[in-house]
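Number of protein chains: 2
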Amino acid sequence: MIPEKMMPLKACRLGIDTHHEPNIYLRSDSHVCKSEGFEALSRVTVNTEHKQIIATLNMVTSDLVAEGHIGFSEAAWDMLDMRYEDAVWLSHPKPVLSISYVRAKVYNQRLNQEQMQAIINDIVEGRYAEVHLAAFITACGDDKLDNEEITFLTRAMINAGSRIDWKLPLVVDKHCVGGLPGNRTTPIVVPILAAAGLTIPKTSSRAITSPAGTADTMETLTEVSLTLEQMRRVVEQEGGCLAWGGSVRLSPADDLLIQVERALDIDSEGQLIASVLSKKAAAGATHVLIDIPVGPTAKVRSQDAAERLAASFVTVAKNLGLELKILFTDGSQPVGRGIGPALEAHDILAVLQNHPEAPDDLRQRSALLAGAMLELAGKSKPGEGEKHALELIKNGAAWSKFKAIAMAQGGLKSPPVAPYRYELLAQRTGKVEAVDNRLLAKVAKLAGAPADPAAGVEIHVKLGDTISQDSALLTVHAENSGELNYAVEFLLEHPELIRVNEV
Amino acid sequence: MIPEKMMPLKACRLGIDTHHEPNIYLRSDSHVCKSEGFEALSRVTVNTEHKQIIATLNMVTSDLVAEGHIGFSEAAWDMLDMRYEDAVWLSHPKPVLSISYVRAKVYNQRLNQEQMQAIINDIVEGRYAEVHLAAFITACGDDKLDNEEITFLTRAMINAGSRIDWKLPLVVDKHCVGGLPGNRTTPIVVPILAAAGLTIPKTSSRAITSPAGTADTMETLTEVSLTLEQMRRVVEQEGGCLAWGGSVRLSPADDLLIQVERALDIDSEGQLIASVLSKKAAAGATHVLIDIPVGPTAKVRSQDAAERLAASFVTVAKNLGLELKILFTDGSQPVGRGIGPALEAHDILAVLQNHPEAPDDLRQRSALLAGAMLELAGKSKPGEGEKHALELIKNGAAWSKFKAIAMAQGGLKSPPVAPYRYELLAQRTGKVEAVDNRLLAKVAKLAGAPADPAAGVEIHVKLGDTISQDSALLTVHAENSGELNYAVEFLLEHPELIRVNEV
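Those sequence lines, one after another, are chains A and B. Under our numbering, the first sequence has 180 at position 153, and the numbering climbs by one with no breaks. Under our numbering, the second sequence has 161 at position 134, and the numbering climbs by one with no breaks.
For reference, chain A alone in the conformation it holds in the complex:
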């Protein structure tokens, strides 16, 4: 593992945070640059006596790094468990064979199971630079993977991480395809199903291109960064959990791909299905419910597109041996009032606590989804699931279970409230005819969501509402004035965001 006959370099920590990307900093006049022919931005293998990683090389032309030393970014330091002046050797990385499969995919060739596995393994082991991840995502974009390739990709992603075996005949899970701001049903569905006696080890993602993912929202209410062992304990105790998938690393390849998908704002169908089903299968689920909201400005824009996506989901799930049910839901407007982690958390608490002003659409939709699963899992008679679910909210069973899960995960918190606000007033009296989900999501993101948990948008109207001039349409929330200004500037440039027509 360690190149022979070479003098080691001494490690030092520079305190540079490059997020998850390991970087090292080497003097351009160091002997190893000359003997190995390294250049700025070369990919190099960093070897210690115990471990090795591939990192990106930055050349230092100043005295930032002392002679005989090598600087580490925070990610590189952590990945190698370094201590000050530990010995380090650099070498050229072996060529990454699986990149030729990515290239083959660019040339429209089909990939087989072994090739997909090789790509995913190399990604998980950190052998892909960001440009390689971007090329893989792009080459698989749109409909460039067929159902068999999506199955291969999903299996490869499952194999590359941990997989939980609950030793139970029935373990349930749900997923929403997204694109609908505020559609945060999971934190309501999970306690309903767990209260009904089902096992639902739910892991959720952070936002990819949206203002909040379920993990972002749940993080304002409790601890979500659980280890696999902690998650297992919570589920064994309470029947369900609401954890962040990234920390349990059930599909570590997906966590890396999502970073680049976010930068590219590309979220392909094949990657979407593989991402969802690999996490469900790795979490040990046997029965899965998929919610596909359909609407002109939702992620899935037409019934046609929804049915094509559903058909792929069904085929891939069957190949993997998963029971799958799909619900098409209304995607014409946001669900609930809040858009952004904490604002959505406030809606969730209102529904679970049977608050008189709780958003009814969020309650009804959660009951619809939970009901479908109660029927699929044989806990309700056909046609009675939704009523059963509503009953579990009404009688406080869901709220008790939610609190118990939060306590088991580390305690229940109050979601934060943003100090900076802007209220958009109606320019005229009329009827709300259309709401643009994409523009709304954009405003919430510009306001700082999801990185700033209290940031986002609170929407005060629903399609069909009759409103009077100067009544509040929405409120932008931000944690600082800079981001509030960006969001408001964009909002005022897009009056089509909420269309009000004269009656």
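These are calculated hints, taken from the structure and not from any lab test. There could be a bad hint or two in this list.
When chains are identical, the list treats them as one kind, so a pair holds in a single copy or across two.
With a straight-line cut-off of 20 Å between C-alpha atoms, the simulated SDA-like cross-links for lysine to any residue are [to be verified]: (1) Lys171 <-> Gln136; (2) Lys121 <-> Glu520; (3) Lys171 <-> Asn135; (4) Lys37 <-> Leu91; (5) Lys408 <-> Leu354; (6) Lys469 <-> Arg526; (7) Lys345 <-> Glu175.
Given chain A's structure and the hints, the job is docking chain B onto it.
Below, chain B without anything else, positioned relative to chain A:
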């Protein structure tokens, strides 16, 4: 341009070389992080009183950067012409609209002239991160651009840079599609054509995925980093030049795309044609000769593929108003003896100086290409171009012109010679049946070419040669022992590189 009401940061230079990518280093506890919500690896706009660029943000959690200061990488420092403690303001970059066109291309939509222009302009202005460049290259990979889109891309690349108008009816240029190690005809063809009275303002690229580009080779013989003004002066004086295209920035988008193509090892047909023809058109050429070597291990592997590529070249050239002639040449083995910048330069000098041991295949091929252009440009009668070209080598006119061009570019240099060598001997007596161009190129690259100009491979045999056991097949040249070892290790693992069969 400068965000109002914000305290400026003070610039400091950290001496970190991140190649062409601008990076900045900001304390994670600085006020601007909090007020603007910046995170590690955020893309941020860096504003001075005079200029602005987009850079990647690295967070500093140590005292590397003093309070109130902001650290700069070398590239960022140079791009903004900074001086110590100059005032700097950071802001969020405006959304890059053209990335939605890249996304549209991923979804198999055709792009029009305006969309291509928007993409190329944003690339040239530094608005694309590496992942965006990778996505664009991948989305255009294989045959995903039709001839009209390639025309749009080519025009966009021409428009994004400088274009020279020579005010002459006839300006010639040539290009080889590459993939054939050692095929360095350009430095011989240019002085032949200039000696015949033609105008040939030749710019060449550095290697993308090969061990040497013409610019790398020429750099061992003279100065190639000319400004547009210097290039114009050389051509007006001598009729021709041999400059590096990157320094004259005739197609600056191409220079940026090539960096990422190299990392991905993807070199698509559309990008190839756009890259070549944009540079020719920007250099003011009216008549262009394209050399396509065809062979089982060349870049173009079959006559079929060659003809498809040629057809696209012809259509796009016609759309741009360029006269184009295509020659298909033998791509079954390397040309000349040297592979690598300096080793190729030695071959070129031998041909131009009529050395008795000069590689005849390189001389013949240069004369074939120069002859075709002499005929196309009306300087030779049909069928007599090749003879005319050979005569201009033999009578010393080409060598005189080469020296004159080199002197005008800054002086004639002797190419370097590598201190470390390894000689591969034949294991048996027999006949040379096959040579793998790709593996040969790989050995030369592992030996250090093109970054180490003296590194590469010298090949001592040709297809069909009868050789005896223990005679030298090839010599690996390297500038240091580390790289020599990598190259030799790879060479010994691939005995199929030169196939010798018993007679």
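Under a CA distance limit of 20 Å, which applies to Lys121 and Glu520: within one copy, between copies, both, or neither? between (51 Å within a copy, 14 Å between copies)
Pop the pair Lys345 and Glu175 into one bin, within, between, both or neither, using alpha-carbon distances up to 20 Å. Close inside one copy (11 Å), not across copies (43 Å); limit 20 Å.
Identical-chain pair category, Lys469 with Arg526, by Cα at 20 Å: Within one copy only: 17 Å inside a chain, 61 Å across chains, cut-off 20 Å.
Homomeric proximity label, Lys408 with Leu354: Cα distance no greater than 20 Å: within (18 Å within a copy, 76 Å between copies)
Can you give me the call for Lys37 and Leu91, within, between, both or neither, at a CA distance of at most 20 Å? Both: 14 Å inside a copy, 18 Å across copies.
Between copies, within a copy, both or neither: which fits Lys171 and Asn135 at Cα up to 20 Å? both (8 Å within a copy, 10 Å between copies)
Intra- versus inter-subunit Cα pairing at 20 Å for Lys171 with Gln136: both (10 Å within a copy, 14 Å between copies)
The structure meets every hint from the earlier list without exception.
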